[in-house]
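Novice: Could you put the whole structure together from the sequences, leaning on the hints where they help?
Number of protein chains: 2
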Amino acid sequence: MTPHELQQLLYQEIPITQAMAIEVQKLSKSDIEIKAPFEANKNIHQTAFAGSIYTTATLAGWSLLTNHLKQEGLKGSVVLGKAQINYLQPIKGDIIARTKLPSDEQLTLFEKQLNSKGRSKLKLLVEVIENEQVKASFEGAYAVL
Amino acid sequence: MTPHELQQLLYQEIPITQAMAIEVQKLSKSDIEIKAPFEANKNIHQTAFAGSIYTTATLAGWSLLTNHLKQEGLKGSVVLGKAQINYLQPIKGDIIARTKLPSDEQLTLFEKQLNSKGRSKLKLLVEVIENEQVKASFEGAYAVL
Numbered sequence: 004m005t006p007h008e009l010q011q012l013l014y015q016e017i018p019i020t021q022a023m024a025i026e027v028q029k030l031s032k033s034d035i036e037i038k039a040p041f042e043a044n045k046n047i048h049q050t051a052f053a054g055s056i057y058t059t060a061t062l063a064g065w066s067l068l069t070n071h072l073k074q075e076g077l078k079g080s081v082v083l084g085k086a087q088i089n090y091l092q093p094i095k096g097d098i099i100a101r102t103k104l105p106s107d108e109q110l111t112l113f114e115k116q117l118n119s120k121g122r123s124k125l126k127l128l129v130e131v132i133e134n135e136q137v138k139a140s141f142e143g144a145y146a147v148l
Numbered sequence: 004m005t006p007h008e009l010q011q012l013l014y015q016e017i018p019i020t021q022a023m024a025i026e027v028q029k030l031s032k033s034d035i036e037i038k039a040p041f042e043a044n045k046n047i048h049q050t051a052f053a054g055s056i057y058t059t060a061t062l063a064g065w066s067l068l069t070n071h072l073k074q075e076g077l078k079g080s081v082v083l084g085k086a087q088i089n090y091l092q093p094i095k096g097d098i099i100a101r102t103k104l105p106s107d108e109q110l111t112l113f114e115k116q117l118n119s120k121g122r123s124k125l126k127l128l129v130e131v132i133e134n135e136q137v138k139a140s141f142e143g144a145y146a147v148l
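Just so you know, the sequences run in chain order Y and C. Residue numbers for the first sequence follow the working numbering, beginning at 4 and rising by one. Residue numbers for the second sequence follow the working numbering, beginning at 4 and rising by one.
These aren't lab readings, by the way, just hints derived from the structure by calculation. You may find that some hints are simply not true.
In this list, chains with the same sequence are indistinguishable; a pair is considered to hold if it fits within one copy or across any two.
What the hints assert, rightly or not - Pairs of lysine-lysine residues, derived as DSS-like cross-links and limited to a Cα-Cα distance of at most 27 Å, are as follows:
1. Lys38 with Lys115
2. Lys124 with Lys95
3. Lys95 with Lys115
4. Lys29 with Lys120
5. Lys120 with Lys38
6. Lys95 with Lys32
7. Lys73 with Lys103
8. Lys124 with Lys73
Specialist: Dropping the structure here:
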C-alpha cells in the first residue's frame, strides 16, 4: 500500500480515524509513521489526550502488520490481543507514532506459525515522539487470524 | 457532577469524545458507566475498535476520579500515567465501560498522600461489558497532581 491508500483504508473502515484527522506520514516495507494533529486530539490540560495517543500507536502497529501481510501475500486479519502503554511526558503538540517490523528471525518464526497453524502472534513496540523525544511507549500483542 | 454535567465537560474539554458520541449513562459517588455507541466506534472487522474500547475505559476512570476529587473538595488534576488492557472477546455492539472507586482503605491512603505531598496515585480497574459479560479488562494508574 502507499501511505495514501492506507489512509483511505483507515478512513473507510475505522470511522473514528477521520474525526482524529489521522495522517499516514510514512509507510515502507518495514517502517511506519502516523500523525494525529493536536487540535482534534487535545485534552482538558491542553496536551495530547491519553486515549488519542494510545489509539494512534495502536493504528501504527496494526497498519504496519497489515501492510506486511499484503506485501508477503499472506492471508489473515490483524487484531490487537492486549497492550500496555507508558506515558512518559506530556505531549504539547501533534501525536507522532512510529514503529518498525521486528528482526528477520522473529518474522520468520511468525510466518512459520501462520503457515502451519493458520494463526500467529507478533509483539510490536511503538514509540510516540515529540521533538525527537520519546513521550510515550506502547507495546501491543497483535494476533493474526 | 450529574451525568449530564460530566458529559458536557468531556465534550467541551476533550473534543474527540464528541466524535465518539460518548454518553455518560451513570455517575454516582462511587460508580460510573460510560457508553460509546457502535457506529462511531466500529472497525474493519465490524466489531468495536480497540482504540475506542481503550479510550472509553480511560474516560471512565478519569471521570470517576475527577468527580471524587470534586465531591471531597480536593484539589488536583487527574492524568493517566500508564495502563494495560486485555481484549478478551470481540464486542459486536456498543462499548460499555464500568468502574467503581476502590476500598475505603485505599482511598484513605490516596487522600493522605495527596494532602501531605500535593500529589498522589490511584489504580482503577475498568471492565468493558457486553451482554453482562466482561469483553475487555483495563487497568489504569492515574496520578493526581
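Novice: Determine for every hint whether it applies to the structure shown.
Specialist: Comparing the hints with the structure gives:
no.: 1; hint: Lys38 with Lys115; in the structure: neither (32 Å within a copy, 40 Å between copies)
no.: 2; hint: Lys124 with Lys95; in the structure: between (34 Å within a copy, 23 Å between copies)
no.: 3; hint: Lys95 with Lys115; in the structure: neither (42 Å within a copy, 31 Å between copies)
no.: 4; hint: Lys29 with Lys120; in the structure: neither (32 Å within a copy, 44 Å between copies)
no.: 5; hint: Lys120 with Lys38; in the structure: neither (35 Å within a copy, 37 Å between copies)
no.: 6; hint: Lys95 with Lys32; in the structure: neither (30 Å within a copy, 32 Å between copies)
no.: 7; hint: Lys73 with Lys103; in the structure: within (16 Å within a copy, 43 Å between copies)
no.: 8; hint: Lys124 with Lys73; in the structure: within (16 Å within a copy, 44 Å between copies)
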